[in-house]
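Could you put the whole structure together from the sequences, leaning on the hints where they help?
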Amino acid sequence: GQQVMQIPQYQHVQEGEDFTTYCNSSTTLSNIQWYKQRPGGHPVFLIQLVKSGEVKKQKRLTFQFGEAKKNSSLHITATQTTDVGTYFCGVYNQGGKLIFGQGTELSVKP
Amino acid sequence: GAVVSQHPSWVICKSGTSVKIECRSLDFQATTMFWYRQFPKQSLMLMATSNEGSKATYEQGVEKDKFLINHASLTLSTLTVTSAHPEDSSFYICSATRDYSYEQYFGPGTRLTVT
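Line by line, the protein sequences are chains A and B. Here the numbering used here is used: the first residue of the first sequence is 100, the next is one more, and so on. Here the numbering used here is used: the first residue of the second sequence is 41, the next is one more, and so on.
It cannot be assumed that every hint is accurate.
[As the list claims (entries may be wrong)] Below, computed lysine-lysine pairings styled on DSSO-like, alpha-carbon distance capped at 30 Å: (1) A:158 to A:135; (2) A:169 to B:81; (3) A:135 to B:60; (4) B:81 to A:168.
Derived by calculation from the structure, the hints in this document are not laboratory data.
Right under this line is the structure:
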C-alpha cells in the first residue's frame with residue numbers, strides 16, 4: 100500500500116533557527132498534505148500540494164513538492180516557540196484514505 | 041466552519057467494559073468519517089472509514105467486532121470499544137470530510153485509559 104517515509108523523527112532547535120522535515124515516497128504521488136499537531140492536540144490541516152515542483156508559502160512556512168512528485172518538504176524559517184509540535188505529511192491512497200507519515204516532532208528552545 | 045467535536049475528551053474504564061466515543065460534525069454534513077488511533081510519540085493509524093448508512097470499512101488488523109462503528113447520520117459517527125483491555129488505551133481521533141473535499145477536519149480526540 101501507499102507509504103511515505105518522513106524524516107527526521109525529532110528535531111530540537113534554538114529559537115530563531117530554521118527547521119525542515121521531509122517526506123519521501125517510492126511511488127509518484129497525486130498530492131500531498133501537511134498537518135500540524137500541537138502537544139496534546141489534534142492534527143490541523145496546513146496545506147495540500149498537487150502540482151509537480153509546486154512551492155507554497157504561509158508566512159514563515161514554505162512547502163515544496165518535488166518535480167517527480169515523490170517527495171515533499173516543509174521548511175520553517177526562524178522558528179518560534181509557537182511552532183512546537185509534530186508535523187505530519189499525509190497522502191491519499193487509491194482507496195481514498197489518508198495515510199500519514201511518521202511525523203517529525205519539533206521542539207524549540209527559547 | 042468545519043468543526044468536528046468528540047465526546048468524551050477523556051475516559052477511564054475498567055478492563056472488560058465497553059466505551060462509546062461520539063464524533064460529530066457541528067456545522068456541515070460529513071460524507072465520510074474516519075477513525076484513527078494514535079499511541080504516544082507515534083503517527084496516526086487509520087482504523088476504519090465510515091460512510092453514512094453503510095457498514096464501516098476496517099483497515100487490515102483492526103478487529104471489527106471489537107471496534108464497532110456506527111454512522112447513523114451525516115453528522116454523527118460512533119466508535120464503541122467493546123471489552124476493553126489495557127492495550128486498547130490510546131488516543132482515538134475522528135475526522136470528517138465534506139462534499140468529497142480533500143481536506144480532513146479532525147476532532148479534538150478522546151484519550152482512553154483502560155485499567
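Hints, one by one, checked against the model:
no., hint, in the structure
1, A:158 to A:135, "holds (15 Å)"
2, A:169 to B:81, "holds (25 Å)"
3, A:135 to B:60, "holds (27 Å)"
4, B:81 to A:168, "holds (28 Å)"
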